[in-house]
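Model the placement of chain P on the given structure of chain A, informed by the hints.
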Amino acid sequence: MLRYSAKQLLNMALTLFAVSFLVFALNELSPGDVTRKILGPYASQSQVDHLTREMGLDRPALVRYFEYMGKALTGNFGNSIYYRQPVSELMWDRLGNTLLLAAISFAVIVPISVLLGVLAGMRERGWFDRAVSIFSSICASIPEFAMGVFLLAIFVVWLGVLPGTSPLRGDAGWAIWMQFVLPVLVVTFYDAGYLIAMVRSSMVEVMRQPYIRTALLKGNSFRNVVAKHALRNALITPFTVILLQLNYLVSGLVVVETLFAYPGFGRLMLEAALAKDIAVLEAGTLVAVSVTMLTQLFGDLGYMALDPRIRV
Amino acid sequence: MTDKLHPIIEKAGREFADGKLGRREFLRIAVLLGVAAPTAYGMVGLAAPAMAQGAPKKGGTIRLGMRVQDISSPHTYSWIESANSARQTLDYMAVTGIDNVTRPSLVQKWEATPDLKTWTLQLRRDVKWRKGRQFNADDAIWNLKRVLDDKTGSSVVGLLKGFILTEFDDGQKDAKGNPRKSVKLWDANAIQKVDDFTVKLNGQTANLAIPEALYHYPLLICSPEDGGKFGIGSDGTGAYELVEHEVGKRSLYVATKTAHWSGMGPNVDRFEIIDLGDDAAAQVSALASKQVDMIYQGAISTLPTVERLPHVQVNTVDSGYTAVARTHPIKPFDDKRVRQALRHATDTEAVLKAAYRGLGKPGEHHHVAPVHPEYANIGFMKQDIAKAKALLAEAGHPNGIDCQIDCRPQPDWELLAVQTMVEQWKAAGIRAKINVMPSAQYWENWTKVPFGFTTWAHRPLGTMVLGLAYRSGAAWNESAWSNAEFDKLITEAEGYLDVEKRRAVMAKIQRIMLDEGPAVVPLWRAVFNYSDKKIKGYKIHPSIYIDIKDLWIDA
Chain A
11 MLRYSAKQLL NMALTLFAVS FLVFALNELS PGDVTRKILG PYASQSQVDH LTREMGLDRP
71 ALVRYFEYMG KALTGNFGNS IYYRQPVSEL MWDRLGNTLL LAAISFAVIV PISVLLGVLA
131 GMRERGWFDR AVSIFSSICA SIPEFAMGVF LLAIFVVWLG VLPGTSPLRG DAGWAIWMQF
191 VLPVLVVTFY DAGYLIAMVR SSMVEVMRQP YIRTALLKGN SFRNVVAKHA LRNALITPFT
251 VILLQLNYLV SGLVVVETLF AYPGFGRLML EAALAKDIAV LEAGTLVAVS VTMLTQLFGD
311 LGYMALDPRI RV
Chain P
10 MTDKLHPIIE KAGREFADGK LGRREFLRIA VLLGVAAPTA YGMVGLAAPA MAQGAPKKGG
70 TIRLGMRVQD ISSPHTYSWI ESANSARQTL DYMAVTGIDN VTRPSLVQKW EATPDLKTWT
130 LQLRRDVKWR KGRQFNADDA IWNLKRVLDD KTGSSVVGLL KGFILTEFDD GQKDAKGNPR
190 KSVKLWDANA IQKVDDFTVK LNGQTANLAI PEALYHYPLL ICSPEDGGKF GIGSDGTGAY
250 ELVEHEVGKR SLYVATKTAH WSGMGPNVDR FEIIDLGDDA AAQVSALASK QVDMIYQGAI
310 STLPTVERLP HVQVNTVDSG YTAVARTHPI KPFDDKRVRQ ALRHATDTEA VLKAAYRGLG
370 KPGEHHHVAP VHPEYANIGF MKQDIAKAKA LLAEAGHPNG IDCQIDCRPQ PDWELLAVQT
430 MVEQWKAAGI RAKINVMPSA QYWENWTKVP FGFTTWAHRP LGTMVLGLAY RSGAAWNESA
490 WSNAEFDKLI TEAEGYLDVE KRRAVMAKIQ RIMLDEGPAV VPLWRAVFNY SDKKIKGYKI
550 HPSIYIDIKD LWIDA
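Taken in sequence, the protein lines are chains A and P.
Quick note: the first sequence uses the numbering used here, first residue 11, plus one each step.
Quick note: the second sequence uses the numbering used here, first residue 10, plus one each step.
Isolated chain A, as found in the complex (with noise of 0.2 Å):
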């Protein structure tokens, strides 16, 4: 287990080397240049020209990849070309908002996937398994930013009683905690009508085995059934994609942030891409990779402690 984590690891470096270089070759050839971005359309072309030189973006790519990555091994990740920081500084303070978001929406996604899920595998095609799995097909059909817009609508123009942007500052009328509301929210409804489905899907399945139908005709209660015997061979599937959950709810946060206006790394990230700002969009991917792979070994480890037949 220790030499898989090893060379899970050192595998990790080696994509995170090569993503660097793609996102600056990418960001090389993607169309517009970063002084025009900066300054605007309205900037003269000599303006253009002297902040140009002032950046050194006059050298060739290669050079400014290479030095860009020596700053990068000693820790040191520039400065923001748009935002004007230390990218450090703004990364840990964006990150933590999203971590935040994150943390929350989880804690609400869990429990109620799992609770949903189970309950409507338990017994196929019940009222119970039929409503739920029309409420999750819908709340996964429906896209973060219609289902922002529709609440929105509801709570901050129709009814008054929730801030329509999370600024996450005290001083504007709108507690904190009232902040998180609507994002939690859109968060939830996406994300939990994809993680129900496959909680009861995987239920479902576990629930048609024979050692199931073993169990119940040897006179065990079905509650007892579900308990014992149901619940933790039907939870090893959806323990990856829950896993994978912690992925998109780092980096896929983008659209519930910029409607929002919730300072939060999706937004830095889509800010710094329009802006070509390549401090920033380098330390970005590399943290968004990292959480990527991170989850992934987890959920390889987690995969053995659940199922003890594999081994890796």
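It cannot be assumed that every hint is accurate.
Here are the computed distance ranges between Cβ atoms for each label pair [what the hints assert, rightly or not]: (1) Pro-319(P) - Leu-67(A): 28 to 36 Å; (2) Val-252(P) - Leu-178(A): 17 to 25 Å; (3) Gly-106(P) - Asp-103(A): 37 to 45 Å; (4) Ala-163(A) - Ala-359(P): 26 to 34 Å; (5) Asn-109(P) - Ser-147(A): 55 to 63 Å.
Just so you know, these hints were derived from the structure itself, not from any lab.
The beta carbon of each residue, even a glycine, is placed where N, CA and C say it ideally should be.
Then chain P, alone, in the frame of chain A:
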């Protein structure tokens, strides 16, 4: 007031009396040539617009939803947003109001010689920097020299180059190894200190628009002690001090203890700028839940929702902002009849309604807007499908033409306008395929695409926009159009200060644009934004310049 009127004013006055000169343009010229605004209004028999609605109240906070950008270098600003932030602390030497009339600010009075080459600027003697020192001619000269210094990289250079700068070879090369031309003051005495409160600008050519140039948004007057940098605690002659600033998040300005030297404000204690990102929905949400009191600029997609918010008002003003569908002189558009057919096939009133909710004016295809002083009313071009068809047939396309129009997806009204026009053109047999490309990509290709839809900003004069966009060989001549008659006329028009003479030439130019021109101009956008009804004293400026000291809150 000057004792003697500038000769051009007397001439303009006679033309105004003869009905040859509009009130607006007379006002503009009179104030540019040193007549005080209330006097100028009196000369045309109008009352100067009242600045305030009721007595201003003190106290409170105004929170503005606007991008919070890096604002560390005022003289090189390239975004209005940045200037809207710093203008609370830093003042301008003159201020152009929403009525297009330029009024004194740090410069109390200006005077031009009859040839318009020499301008004398009298500074106010009662202005102090927040940190205590008196504002004087050295401060003004330091700022003027700094913005005109090539090394600073300010866009003021482009504005005043012809007036006061000259090109020279400084031995440097650009990225491609070609010699780079630098600019410097044309004469060592070009910016002259007469006394502690008088500055003289000795230009090489005539320029009527000097006071307007003093309100070009990067020409903020910084304290020389701050070395051209701006940030938390920076000195200024303005009514507010910057106390917090985080790019992408928030800025906070706090009112100075003393009244502003202009006699206006500050009334509101705190001014906060909150960055809501680029998502238009977030702006409405913040406004609806009263997390901000004002949005810098409205988006057409949010207008219907905002109109339903009872505590919010929509502020609008007509402008010369537009976007044009322009062609390159290649097949089939090298035939002027095909270009005419495009114009005849367009129903501009319908485009305005469909794409911009009717906010603004329908376009007239010659790219001179009704808000431009020299606009000539040569009749509105109505949609005429039969004529478009006939023109196409005459040009050898009896079955119509197939083409592709390139445009960008944002802002949403641009794509809507293209879609509406493309639908209208179908009736005349013009089958255009819409190719939407990301904005960044469009801006790399905007002068290269054969048929494209490009946005154009408002400029105060019609001659300015036509010269930039359609003169042969101009850098921004995106349609690669070249017409000797047009070039000759536009240079002629630029040479007239007299608006009536300019208008007479403009009528000819506009007809050329309709007959030969490369463009379809579907609409003139109104500029608009949103503010809470509790904010008083606010009127939207066509450039959306925001001055908080003039505002107050009355809940």
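For this session: Indicate whether the distance between the beta carbons of Asn-109(P) and Ser-147(A) respects the range 55 to 63 Å.
Result: Given a distance of about 58 Å, which is inside 55 to 63 Å, the answer is holds.
Problem set entry | Hint check for Leu-178(A) and Val-252(P) - Cβ pair distance inside 17 to 25 Å | Once the Cβ atoms are compared, 20 Å apart, the range 17 to 25 Å for Leu-178(A) and Val-252(P) holds.
Problem set entry | Hint check for Ala-359(P) and Ala-163(A) - Cβ pair distance inside 26 to 34 Å | 29 Å, holds
Exercise. CB of Gly-106(P) to CB of Asp-103(A), is that within 37 to 45 Å?
Worked result: Taking Cβ atoms as reference, Gly-106(P) and Asp-103(A) lie about 41 Å apart, which means the hint holds.
Exercise. For the pair Pro-319(P) and Leu-67(A), does the Cβ-Cβ distance stay inside 28 to 36 Å?
Worked result: The hint (28 to 36 Å, Cβ to Cβ) is violated, given that Pro-319(P) and Leu-67(A) are roughly 50 Å apart.
Of the numbered hints given earlier, the model fails hint 1 alone.
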